[in-house]
Amino acid sequence: MATRRDFLLMCAAASGVPLVASDPRQAGGADVPKKGGTLRVGFYIEAATMDPHFSGSKIDRQVYHNIYEPLVTLDVKLGIKPGLAESWQQPDPKTLILRLRRGVKFHDGTDFNGEAARFNFNRMKTEPKSVRKGEVASIDSVDVVDAYTIKLNLKRPDAALLATLTDRAGMMVSPKVVQERGSELERNARGAGTGPFEFVEWVKDAHLLIKRNESYWNKQGGPYLDRVRYRPIPDDTVKLQSLQTGEIDVMDYVQPRDVAAVRADRNVVVVDVPSLADFAYQLNHTRPPFATKALRQAVAYALDLDQIVKGVWLNVGVPANGPIPPTSWAYDKTIPPIKRDLAKSKAKLAEGGQANGFTFTMTNNNIPINVQEAEVIQAQLREAGITMKIKLVDSATLISDGNNKNFEMISYQWSGRPDPDGNTYQFYKTTQGTSLNWSGISNPQIDALLDRTREVSSQSERRKLFSELTKILHEELPMVFIIHPIEPKAFSPKVQGYEPIPDGMMRFKDVWLQ
Amino acid sequence: MLLAVLAALAAPLLAPYDPLAQNLGNALARPGWAHLLGTDNVGRDVLSRVIWGARVSLVAGLVSVALAVVAGSLLGILAGYCGGRVDGLVMRLMDAVLSFPPLVLALALGAVLGAGLGGVLVALGVVYTPTFARLMRGQVLSVTARDYVDAARALGAPAWRVAWRHVVPNAMNPIIVQASLSVAFAILAEASLSFLGLGIQPPQASWGSMINAGRGYLQQAPWIVFGPGAALFVTVVGLNFVGDAVRDALDPRIRG
Amino acid sequence: MGRLVLRRLGATVPVLLLVTAGVFLLLHLTPGDPIDVMMAESVDATVKETLRRELGLDRPLHVQYAAWMGRLLRGDLGRSIRNGEPVIESVSRRLRPSLELALCAMAISLVIAFPLGIVSAIRRNTTIDRAGATFALFGICMPNFLLALLLIFLFGVTLRWLPISGYMDPLEEPWNGLRSLALPAVTLGLALAAVVTRTLRSSLLEALAEDYVRTARAKGLSEWRVIWTHVLKNALIPVVTVLGLQLGTLIGGAVITEYVFALPGVGRLVVDAVFARDYPLVQGVVLLIAIGFILSNLIVDVLYGWIDPRIRFR
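Chains as they are written, first to last, in the working numbering: chain A, 1 to 514; chain B, 1 to 256; chain C, 1 to 314.
Derived by calculation from the structure, the hints in this document are not laboratory data. Any given hint could be a false lead.
[Stated by the list, open to error] Computed far set for chain C versus chain A, every beta-carbon distance over 12 Å:
(1) 8
(2) 25
(3) 30
(4) 48
(5) 71
(6) 90
(7) 119
(8) 156
(9) 210
(10) 232
(11) 241
(12) 245
(13) 249
(14) 256
(15) 268
(16) 295
[Unchecked claim] Partial list, computed: chain B residues near chain C (C-beta under 7 Å):
(17) 59
(18) 62
(19) 63
(20) 96
(21) 104
(22) 191
(23) 195
(24) 215
(25) 229
(26) 233
(27) 237
The C-beta atom is built at its ideal place from N, Cα and C for all residues, glycine as well.
When you get a sec, could you build the whole thing from the sequences and use the hints?
Okay, structure coming up:
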């Protein structure tokens, strides 16, 4: 029972406060991790590809983090810790030297070393189908210094690079597998990784199976599980019921509406995982009405974030004060979220030349909780004299409307990145053509700040810059920020040793079954 | 069913609350004297929304089928009357529409036309058109083979008048039967479309969109789904009985 | 007979042409772009452009259509944009669960519809008839997803008799496979049962009004015997029609049931493809569904001739 209490403590701790990792080895006398068993995992959708260099969807990463390993990894506080690279140093802002771990073998038996690492970076940079190009753009070239040391020569200082290497851009694939069956890798990752689990098979639409890597380099802790079986279950309600009836042991996400009920269920353990996400609405600066700053502010002051977070999200998240989530070291809790102030909203309406209110359209994804949020926002704005129409579309249309700036206000739910750079730069930096800067904001002060955050490497100095940025965003409002959601995951009580890292990825290395 | 029509017409009088008035503090309230059917996930009165939803749902069913009847009948008459190439072309077109998976057709049409009631109406209208076109063509062919139509033609009556005078009245009965059933299906289809994320825009509500919004709360607050579900069920059952009754009444062999 | 079949097959060619052109046009009119959907979080515009060029998505519409048709004539349905898998493979993998589900649903509908339809016809306009009609309507008047969720709640969660999600192939694991199909098949089967019951009832009533039935009755045969020996066979024709027409619908149209029960069927494949704007996949699946629909119509017509030889000569 001790571990079950640990889980519950975690849930209690999770409402915004940083989490303490529960080390499975300290889980108490009788509960010593044991080997064996198959973990059955339910995800809302199945993976798209097994090739980390070609992957463009979040769900793929859930599998990758068990079969592949990045050069560096994240800890629960989003700090960078050694992965396939044992240590690193930065002699100057444009050079990063990584010392690689010795004795690591890919699942196909080949050695992981400097040459393999260079092969991977070159593949990411040059392969036509590579989706990683943007993430490794700051890397000019890779030198192999000795068998287990590589040197990344950068085009420009990039303070966010290490954090980027904690995910797909840092994942190492066996060069032999790529050379021999590169095209097949998308569907079959046998032998390709170095991780605690090996790819076994992927029966499309049915399941994806991985098994324990018996010769895993890290002899501390797991892997304990014999196998992990992933299954796609698209309907949230059905997925939850599958967990409650014991058809699966783990599910990736519990809807806020189900959280209370699930907490009351003794057959299910919920772990709140604070996320890196920020959910917001982009306002189109390139056309009326939101080309006028005062009208953007009128909308921001009319919103009651507390009510939205409480009423729609049922407190499964915290009101957002900007793009950077509370899980990040760069989060500045002294900046409060914008408070509702109807008088101020009215004044801003008058300032924007619309004293009697105005009408605009919100474009949103047709997902129940988004619809609910839209309806609440609509009611709140009505109290300020602003009429909001709601246009519901599927995600393909949403993305195309956003890219083409064919909207007035549009939902944007960013899953977040470990470094604050990933939550800011691409959204607010002046850019031409398609980018995630859908609002079209172009502000020299913001541009300069953003560039600066990449150049300085001291964390405390970057933190100040991001605080400054957040304050300017409150004024300029390329987006109205709503919530930093928590992503609750649910387990069967027999699942032990899960460590919730805020990137939401489920790493099963130290997980075991009671 | 009559009740549904009544509710649709008299919604402003009948509804105890404003169907849009939210009260987040009173969300998911159980049915009780204050809210006979409880409240939904943002604290709106379910009963009031069911009553107002009757409008949208009935409009979705009636208008889309009306569109299909008109378009289908015109195409059917055209095909049956002109024959030859026109017939071939129209009917192949109808076959093509018919062999499309209906949900995909509606989904794609809805996406092209933009979300909202208009898109749903047209999408459903197109889906049901071939049924009526086939029906009408069959009627035209059987009627035009009859002597009195030949006679009218021989007397030099223009084609459209012959069609209007002789063909349409004869074809009306089966079309009414088919239409009453199609309305039922269209109301259901609207619910299915809202499940797939294509439907009317909030804060407006149809029974289908209410059921869809509430289905995630089936365990915590089944009343959100129960109200509109019951309304939908009763209306569709009613429409089916009407269809049967009309059919029985029109077919003397079955009567009695 | 053979010539009739051939002629009918010939007539389907223009229909299929219209279907492919229609779906092509419709898809490309729909806002959204497959590459944008696939790489929603990636911002490198040149990667997207390269991919578009490689897939030919930057060419004018009619060129794209011609290229697709050209490949089709060589028997190539193309590859999915999202995962690069040949369309024909995706479909054939999904077809089996869909077919099994459709057949199970039909079996269930017949089990329900036959007794109900016959009793309703014999005891027409009695309470039994009305009760039967209402029961039959139950399945058809309830939105699919609601019925599915209720069944899951009752049999999966409360009683725990049946699994609520996932698919196992009954041909490989008969018992577990059938169990995995039970709830979805009932969901679809109840709606189908309503249609079949109605059809059976009205065609029975029609047949009962025929002269030869009167003769049979006059011979003093019991009503049940009359139905069993004389009427049922004739009344079967409309039932076969309905089932035949529904087979196509069941295979391509069981989207919601497949979605709720996490079944990997054709319906979900095509709807997911529409949402991903995976053009080649949608085009391929719609074409195959259309062919299936037309073939099942044809089979129904052939069955007609088999059940009732008189029809052959009409």
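**Report entry** Hints breached by this structure
**Finding:** 3, 4, 6, 8, 14, 15, 17, 18, 19
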